[in-house]
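Position chain B relative to chain A; hints supplied.
There are 2 protein chains.
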Amino acid sequence: MSKASKAWYEPLTPLNFLERIASVMPHRTAVIDGNNRWSWRDFFERVNRLSNALKGIGITRGDNVAFVSRNFPPLLEAHYGIPLTGGAIVAINYRLSAREISTIVNLSGARVLFVDAGVADRVNPEDLPNVEVYVNVFNGRDTYGETVVKGLPGVAYEEFIAGAGAEYIRLDLEDENDTIAIDYTSGTTGTPKGCIYSHRSAYLHALAKIIEHSVTASSVYLWTLPMFHCNGWCWTWVTSGMGAANICMPVPDPDRIWSLIEKHGVTHMAGAPIVFHRLGQYMDENGISRFPKKLIMNVAAAPPPVTMLRSMESKGGEIRHAYGLTETYGPFTICEWNPDWDALPEEQRLALKMRQGVPDITAGCVRIVDTDGNDVPKDGKTLGEIIMRGNDVVQGYYQAPEENAKAFKDGWFYSGDGGVFHSDGYIEVKDRFKDVIISGGENITGVEVENCIYQHPDVDEVVCFGKPDEKWGEVVKCLVHPKTGTFPTAGNIIAFCRERLAHFKCPKEIEFGEIPRTSAGKVQKYLLREKEKKK
Amino acid sequence: MSKASKAWYEPLTPLNFLERIASVMPHRTAVIDGNNRWSWRDFFERVNRLSNALKGIGITRGDNVAFVSRNFPPLLEAHYGIPLTGGAIVAINYRLSAREISTIVNLSGARVLFVDAGVADRVNPEDLPNVEVYVNVFNGRDTYGETVVKGLPGVAYEEFIAGAGAEYIRLDLEDENDTIAIDYTSGTTGTPKGCIYSHRSAYLHALAKIIEHSVTASSVYLWTLPMFHCNGWCWTWVTSGMGAANICMPVPDPDRIWSLIEKHGVTHMAGAPIVFHRLGQYMDENGISRFPKKLIMNVAAAPPPVTMLRSMESKGGEIRHAYGLTETYGPFTICEWNPDWDALPEEQRLALKMRQGVPDITAGCVRIVDTDGNDVPKDGKTLGEIIMRGNDVVQGYYQAPEENAKAFKDGWFYSGDGGVFHSDGYIEVKDRFKDVIISGGENITGVEVENCIYQHPDVDEVVCFGKPDEKWGEVVKCLVHPKTGTFPTAGNIIAFCRERLAHFKCPKEIEFGEIPRTSAGKVQKYLLREKEKKK
Numbered sequence: 081m082s083k084a085s086k087a088w089y090e091p092l093t094p095l096n097f098l099e100r101i102a103s104v105m106p107h108r109t110a111v112i113d114g115n116n117r118w119s120w121r122d123f124f125e126r127v128n129r130l131s132n133a134l135k136g137i138g139i140t141r142g143d144n145v146a147f148v149s150r151n152f153p154p155l156l157e158a159h160y161g162i163p164l165t166g167g168a169i170v171a172i173n174y175r176l177s178a179r180e181i182s183t184i185v186n187l188s189g190a191r192v193l194f195v196d197a198g199v200a201d202r203v204n205p206e207d208l209p210n211v212e213v214y215v216n217v218f219n220g221r222d223t224y225g226e227t228v229v230k231g232l233p234g235v236a237y238e239e240f241i242a243g244a245g246a247e248y249i250r251l252d253l254e255d256e257n258d259t260i261a262i263d264y265t266s267g268t269t270g271t272p273k274g275c276i277y278s279h280r281s282a283y284l285h286a287l288a289k290i291i292e293h294s295v296t297a298s299s300v301y302l303w304t305l306p307m308f309h310c311n312g313w314c315w316t317w318v319t320s321g322m323g324a325a326n327i328c329m330p331v332p333d334p335d336r337i338w339s340l341i342e343k344h345g346v347t348h349m350a351g352a353p354i355v356f357h358r359l360g361q362y363m364d365e366n367g368i369s370r371f372p373k374k375l376i377m378n379v380a381a382a383p384p385p386v387t388m389l390r391s392m393e394s395k396g397g398e399i400r401h402a403y404g405l406t407e408t409y410g411p412f413t414i415c416e417w418n419p420d421w422d423a424l425p426e427e428q429r430l431a432l433k434m435r436q437g438v439p440d441i442t443a444g445c446v447r448i449v450d451t452d453g454n455d456v457p458k459d460g461k462t463l464g465e466i467i468m469r470g471n472d473v474v475q476g477y478y479q480a481p482e483e484n485a486k487a488f489k490d491g492w493f494y495s496g497d498g499g500v501f502h503s504d505g506y507i508e509v510k511d512r513f514k515d516v517i518i519s520g521g522e523n524i525t526g527v528e529v530e531n532c533i534y535q536h537p538d539v540d541e542v543v544c545f546g547k548p549d550e551k552w553g554e555v556v557k558c559l560v561h562p563k564t565g566t567f568p569t570a571g572n573i574i575a576f577c578r579e580r581l582a583h584f585k586c587p588k589e590i591e592f593g594e595i596p597r598t599s600a601g602k603v604q605k606y607l608l609r610e611k612e613k614k615k
Numbered sequence: 081m082s083k084a085s086k087a088w089y090e091p092l093t094p095l096n097f098l099e100r101i102a103s104v105m106p107h108r109t110a111v112i113d114g115n116n117r118w119s120w121r122d123f124f125e126r127v128n129r130l131s132n133a134l135k136g137i138g139i140t141r142g143d144n145v146a147f148v149s150r151n152f153p154p155l156l157e158a159h160y161g162i163p164l165t166g167g168a169i170v171a172i173n174y175r176l177s178a179r180e181i182s183t184i185v186n187l188s189g190a191r192v193l194f195v196d197a198g199v200a201d202r203v204n205p206e207d208l209p210n211v212e213v214y215v216n217v218f219n220g221r222d223t224y225g226e227t228v229v230k231g232l233p234g235v236a237y238e239e240f241i242a243g244a245g246a247e248y249i250r251l252d253l254e255d256e257n258d259t260i261a262i263d264y265t266s267g268t269t270g271t272p273k274g275c276i277y278s279h280r281s282a283y284l285h286a287l288a289k290i291i292e293h294s295v296t297a298s299s300v301y302l303w304t305l306p307m308f309h310c311n312g313w314c315w316t317w318v319t320s321g322m323g324a325a326n327i328c329m330p331v332p333d334p335d336r337i338w339s340l341i342e343k344h345g346v347t348h349m350a351g352a353p354i355v356f357h358r359l360g361q362y363m364d365e366n367g368i369s370r371f372p373k374k375l376i377m378n379v380a381a382a383p384p385p386v387t388m389l390r391s392m393e394s395k396g397g398e399i400r401h402a403y404g405l406t407e408t409y410g411p412f413t414i415c416e417w418n419p420d421w422d423a424l425p426e427e428q429r430l431a432l433k434m435r436q437g438v439p440d441i442t443a444g445c446v447r448i449v450d451t452d453g454n455d456v457p458k459d460g461k462t463l464g465e466i467i468m469r470g471n472d473v474v475q476g477y478y479q480a481p482e483e484n485a486k487a488f489k490d491g492w493f494y495s496g497d498g499g500v501f502h503s504d505g506y507i508e509v510k511d512r513f514k515d516v517i518i519s520g521g522e523n524i525t526g527v528e529v530e531n532c533i534y535q536h537p538d539v540d541e542v543v544c545f546g547k548p549d550e551k552w553g554e555v556v557k558c559l560v561h562p563k564t565g566t567f568p569t570a571g572n573i574i575a576f577c578r579e580r581l582a583h584f585k586c587p588k589e590i591e592f593g594e595i596p597r598t599s600a601g602k603v604q605k606y607l608l609r610e611k612e613k614k615k
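Just so you know, the sequences run in chain order A and B. When we follow my numbering, the leftmost residue of the first sequence carries the number 81, and every step to the right adds one. When we follow my numbering, the leftmost residue of the second sequence carries the number 81, and every step to the right adds one.
The following block holds chain A by itself, in its conformation from the complex (with noise of 0.2 Å):
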């Protein structure tokens, strides 16, 4: 058999999940946002429709199609709607501001903007010459009710869905290495960088997300993680890959995901660790001891806290920790739960869970290297770069050669990331590895004084960095956001520190305040070091 008549081969894309799940499970519930509620049926059909909508436009392979919007359905329907044309989408952080948005818009080339009015004051038309049609997702009202909102000049989405016809028109992907999305980072030191999302990586990831988060045709999935940060950590390819209902909300507030976890029995969640510390604290405040039913929670985007992991464990959570980056699809390793562990005492079995793990079944490779490129011992010790390698990680940011160059080398991606090898091969990550302080020609890590000053009783949350110091080269500073109602002092928490690490880690100073943080829930150390430095 030759390859062409493909028998055989059919090229790996997460859009076959869509086709199939709409099929085999048409009548189970697909999406609900407030009080609507699509089939797989439905979904499917309003895909077909968006996606036919974009060819009418002359959207087709090689475009890229832009997103800015809450966690509402249109999004979802365009992480298949889009790439059924054979383009891209890119999903983009709302809560950038207006300028930034407009660089993301106009790097990606867009010619199509779907905009949700909710946020539409982030966008502005008169620095976006590359937009011919702007898509309004709301115009008026929105899911809930809250907001009258008014969209840009354009038509509205439900108007033009329901232009297009509703036949179904399989992709004829001609690489499974063809652009499925192109999501852009942050861009908080620089230009944004565009990372380039494939067909098959994101239906190899999705398969991953199934099998470590043990998805399954009862899963209930809450959008407690913003669609746009990695195409949710490709979690908007997942649940169809099983028939698992996803409940929308707009944005991940306390009181909101408790009720919507009541109401609709949700099964799992996926988030940084400040969005699962918050629900903790609002369960605690309202006299809420138990989630209704277990509750799988992907954590990652930041190193959970022990507090944290207790807190939900204690409720009928299941933390599965995981780690990665825009450049590898959202998570590349998963703290892998080794059964053994469930017999030991909780002290150790948290410690466990708070290493960042190994490379999930389908991601790749991890190394852990110093600054001339040797790996690190395995000691649980000494720092180094994280890279990766393998399907999980990204084919280069998009029409951004020289930031390649930087970020690839010799077949390996360079995370920026500092981590520790333990002896089992399990890594731990201890901060970015441009984050680390160096006080006296010793390498300290924020994230290890942070988990001290977490036992605290009256600290809510801490961060660490860096503050210039004549004498020591760098020194400890830390930012505490203490608890409601208590007022520790800056002489109280370090001594507490001073009983539990080695002097020369400890904070010299202590600031009270808000963690500044991304809108990803990634605490912004960066800015708190330019504010010292400033100074």
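What the hints contain is simulated information worked out from the structure, not anything from laboratory work. From a predicted model like this one, the values you see are computed outputs, not experimental measurements.
It does not matter which identical chain is meant; a pair holds if it fits inside one copy or across any two.
Subject to a maximum C-alpha distance of 30 Å in a straight line, what follows is the list of computed DSSO-like cross-link-like pairs (lysine-lysine): (1) Lys86 x Lys489; (2) Lys86 x Lys514; (3) Lys433 x Lys374; (4) Lys86 x Lys486; (5) Lys86 x Lys458; (6) Lys374 x Lys395; (7) Lys373 x Lys395; (8) Lys373 x Lys433; (9) Lys514 x Lys588; (10) Lys602 x Lys514; (11) Lys374 x Lys602; (12) Lys563 x Lys613; (13) Lys86 x Lys135; (14) Lys588 x Lys551; (15) Lys373 x Lys563; (16) Lys458 x Lys486.
Chain B alone, transformed into the frame defined by chain A:
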């Protein structure tokens, strides 16, 4: 990034599962055989030794290495050790005649043959001119101390692997479509055909298995299915994906199955319905009402009788019913279970479960066509031939262009199996397409008549087939195996059918005796038909 740099591209192969799990869960149990136990680290080391030993005698890419063995650990090791050389494993049905085994070994061109000495009487070296090296899997008592056996002139397996180094040399796979295995069909109706299995498809099939059968690191898989049969429907590569334990057993006797389930807390098994039918009988006869824990059973190879489904479910078994052929790596479709069906009355629920279902998550597409190649209506009635395409279809038959041209047409594999499409898109296999009985111009599938007769209280097993008839062309004849201690008559069974079936479907003749089966558990209807023709 160019593809050559490969930061983002890794060929898919299940060999990477083993590399990963040996690092992630080195101390968890990989294989148990009798009183022997190997961890994943042990298993990995043995696989590496095997691979290095084979390389030492010149085995490399393009070579086929043959293996005739019952389900002992070396055959499992060979599923990794042989492909690691770049060569392909040819696991041969040891229940075939010496002549058939010789034919397959010679067709495969294997220069190295591994033989389980317990079945060495089926191997005639004088008929195997190409074989240069014999490796004896046992050379004395087998695992259970039951058989004192003597191997062929050659090296003992343990000596063979002990003589090579344990270092892991990753396969530098040039193309993921390279061959990992060649699986010969039983060749009941002609020369055996060697199905070409690729690394890519074995990997995808294994992922689908993990998902469809809920395999985890805590799973315990009992080898009731022969490993030679489509590489154990790829279960040989499933367990290393998650770190599940393999419990070996040479032959699936009901008493031994039960004792291993009890001893090891088995969670998963696979096999033909007859295996579980007999297990149920054994348990009933011995007053055993329940499995010690929930047991997931991957059933395929023949439509499962409703009595078997009911028996297994009542004991805590969960049947996951699948369908496929050697040409589709084993199961291609699965009766994907819609959670809405859980609430249905038992009869309706089991009727749904008896269907062969839909392509599994990675398989591809299935159609049912009439003799002109047109799709049959989805009416649950119109019989046609089942055809498939996708990653779960083999690349063709090894060095058999004529056979390829017959079975692979216009990008589809023609299965030769007859079936119907239900209105919900689930298929139901009715019979081998050529086993359909045409009586007075009406199509009758033996399976429908069998399902009726299975309801008869005195029937243990039944098979229906066409008997040449001057008036009607063919009439239905049945071979019945009564339950122990019962003596049903032909008149009695025919009357039973006439109360329940259209009269033209009812058997005209009943014979009593043993049902002839292939070693894979498939009923050999062609043998019964041929006997009738000769009369």
